[in-house]
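Q: Spelled out, the chains give:
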Amino acid sequence: MATHTQQLTRSHTVRLRGLTRSFEGRTVLDGIDLDLPAGQFTALLGHSGSGKSTLLRAIAGLDHGVAGSGRLTAPDRVSVVFQDSRLLPWRRVLDNVLLGTDGREAAEKGRSALAEVGLAGRERAWPNELSGGEAQRAALARSLVREPELLLADEPFGALDALTRIRMHVLLRELWERHRPSVLLVTHDVDEAIVLADRVLVLDHGRIGLDLAIDRPHPRSYRDPLLGEYRDRLLNALGVTEDVTGPAEASERGGTAAHPAAEPDRATAQPAAGPGGTANDVAAGPDGTAVGVAGHDVSAHRKEKHP
Amino acid sequence: MTTRTTTTTRNAASDTPSTAITDEAAPTPASTSVSVTDSIPTSPTDADAGTGTGTGTAADTSTGTGPAAAPAPPAPVATEADGAEAVETKADSRRFRRSPRPRRRGLAPGKRLPASRLIGPALFLALWAVASAAGQLDPGAIPAPWTVLRTTGHLWTDGTLPTDVLTSLERAGYGFGFGLTAGVVLALASGLSRVGEALIDGTVQLNRAIPTLGLIPLFILWLGIGETFKIAIIAIVVYIPIYLNLHSALSGIDHRYVELAEVQGLSRLRFVREIVIPGALPGFFVGLRLGVTASWLSLVVLEQINATSGLGYMMFQAQNYGRTDIILVGLLIYGIFGLVSDSAVRLIERKVLSWRRTLSS
Chain A
6 MATHTQQLTR
16 SHTVRLRGLT
26 RSFEGRTVLD
36 GIDLDLPAGQ
46 FTALLGHSGS
56 GKSTLLRAIA
66 GLDHGVAGSG
76 RLTAPDRVSV
86 VFQDSRLLPW
96 RRVLDNVLLG
106 TDGREAAEKG
116 RSALAEVGLA
126 GRERAWPNEL
136 SGGEAQRAAL
146 ARSLVREPEL
156 LLADEPFGAL
166 DALTRIRMHV
176 LLRELWERHR
186 PSVLLVTHDV
196 DEAIVLADRV
206 LVLDHGRIGL
216 DLAIDRPHPR
226 SYRDPLLGEY
236 RDRLLNALGV
246 TEDVTGPAEA
256 SERGGTAAHP
266 AAEPDRATAQ
276 PAAGPGGTAN
286 DVAAGPDGTA
296 VGVAGHDVSA
306 HRKEKHP
Chain B
417 MTTRTTTTTR
427 NAASDTPSTA
437 ITDEAAPTPA
447 STSVSVTDSI
457 PTSPTDADAG
467 TGTGTGTAAD
477 TSTGTGPAAA
487 PAPPAPVATE
497 ADGAEAVETK
507 ADSRRFRRSP
517 RPRRRGLAPG
527 KRLPASRLIG
537 PALFLALWAV
547 ASAAGQLDPG
557 AIPAPWTVLR
567 TTGHLWTDGT
577 LPTDVLTSLE
587 RAGYGFGFGL
597 TAGVVLALAS
607 GLSRVGEALI
617 DGTVQLNRAI
627 PTLGLIPLFI
637 LWLGIGETFK
647 IAIIAIVVYI
657 PIYLNLHSAL
667 SGIDHRYVEL
677 AEVQGLSRLR
687 FVREIVIPGA
697 LPGFFVGLRL
707 GVTASWLSLV
717 VLEQINATSG
727 LGYMMFQAQN
737 YGRTDIILVG
747 LLIYGIFGLV
757 SDSAVRLIER
767 KVLSWRRTLS
777 S
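Chains as they are written, first to last, in the numbering used here: chain A, 6 to 312; chain B, 417 to 777.
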């Protein structure tokens, strides 16, 4: 099969038409039509292996040699935040942030980007002196310096602990509000998607299975009962139901298994978290984002990921 | 450990040669006889006071190792538990004095001793001096350190040593310089382009399979017996480890960094300069250190086979006259050169790769 030809053209919005990608004859993306308007915060959910990352890499133009077809337009300035911070260990933090930029002006921008993510004063540190959360902040700063029109984030908080994750959620949303790039956040965490994004897509068998606008004001709380409805719809689209544990289909698909396991946990955790456990108080962000449920969710995921 | 077991055995076994603690210790105890009753009364209290696991293991070992100790089984159990208990309380009290919580010792080797690299050689030198002074060494075979020093002084003042040292340094320097350049250029060409790899890598692997010293006869015929062939041989010996390590470091660049460079819009030149080469430096230094050592090694061989000057030649001549002291002078100088050049490379490596936090830092 021939690799996809150069279908990438430039525009401020992302536009996909009939985008298809396949690996060794297995179709991963099956004719996706999608528009991401400028400045929209979109989350992309899906099971592991559903093609989330493939879609993100296609938009980022990183999928050389992958077979496929379709039309794709994307903005000029695209930044990608990976799951690992991907800082070069031999460059100091500021030099990492400035990777691919030139000049004095860029250096100033780099400094202010580091200050924005709360790393002012760490410019001369080596990457291996940073904690996981700090490294990911530096990676965010690196993506900001390029003043992206589109920010692609591939499970950027997947490797962080629950508390750091919450802080990073707040930070990402703040940065988005200040700079207004289009954001496509790939995640497997339903709650993360609901709390952060204004639009959530569910990728299912290589197609967009659900396209859900989340019309709730920010900052959002995990305890917002209205968000619960969104969550139910999303979980439904992911093939997970609240009361039925372990449908045959779920175990078949591997990644789905995380969710049925997580659900009973959440059901028990929610009332418990309500009456103000200490974990809640400690972790609540400045905007009152509740943590109890999210923490539970995260740990449930962890359990499934590393059995 | 062994001492403790033996004492236990002596206490416990009064008349029976076989004991419950260890089979090896069994034959010894016959000499001393201590009444069994001595240890029995203390045993229950001690065992009770001790931790459950301690007594448990003691009992296990006693039954396991010495099933023949039927006559006095409680005694060894008691004493073993006793000993274990005593050791444990001692350790505990020591730990408690240091810090309220017992802290596990780290697995890193810990702080480096001051001038640690010199301690071994200094000790060796001291042993050599003492043995010579005591007349334990045949001065014809291994002359004393001071004899070697005196000979060094003579050779230096009469001018032969400086000439020989300079000649050797020049050979090693040229050989190393050419080898380094060739290794780096070839590794870059082969590590950064597929065409280069196709042309170079197989050829170098082939070259590597041929023992370089086996090329000496051929090179003498091609290049004559002068300096050129010596430098060529040293260069070949040096370039191979440098090429191999640098090439594998260049081609082993993490794919994630390649992606990053694409995302950040780096040009090919900047990608090579800012990611590939800095990332390959650790591998390069491994090759460099091997190359430096290799240059000295080949120098010794070359100068002892085909030379009319140089340290190797000096040593070869000394062998004809039975002057072991001169041979030792040569060896010493080779050793010092090797040590100094290796330390220099290490120093550069530490400066250049300061971002690496390893066990040695």
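Hints are computed from structural coordinates only; laboratory data are not their basis.
Don't take each hint at face value.
To be verified - Here chain B is said to cover these stretches of chain A; the calculated rule only asks that three of the stretch's residues, wherever they fall, bring their Cβ under 8 Å from a Cβ of chain B: (1) 61-67; (2) 83-93.
Stated by the list, open to error - Residues from chain B shown here face chain A by an in silico Cβ test under 10 Å; the list is partial: (3) TYR673; (4) ALA677; (5) GLU678; (6) GLU690; (7) LEU763; (8) GLU765; (9) ARG772.
To be verified - Pulled from the structure, derived: some chain A residues nowhere near chain B, Cβ distances all over 12 Å: (10) ARG22; (11) ARG97; (12) ASP100; (13) ARG116; (14) GLU134; (15) GLU139; (16) ALA144; (17) SER148; (18) LEU165; (19) MET173; (20) LEU217.
C-beta atoms are modelled at their ideal positions from N, C-alpha and C, and glycine is treated no differently.
Q: Tell me, in ascending order, the numbers of any earlier hints that this structure violates.
A: 7, 8, 11, 12, 14, 16, 17
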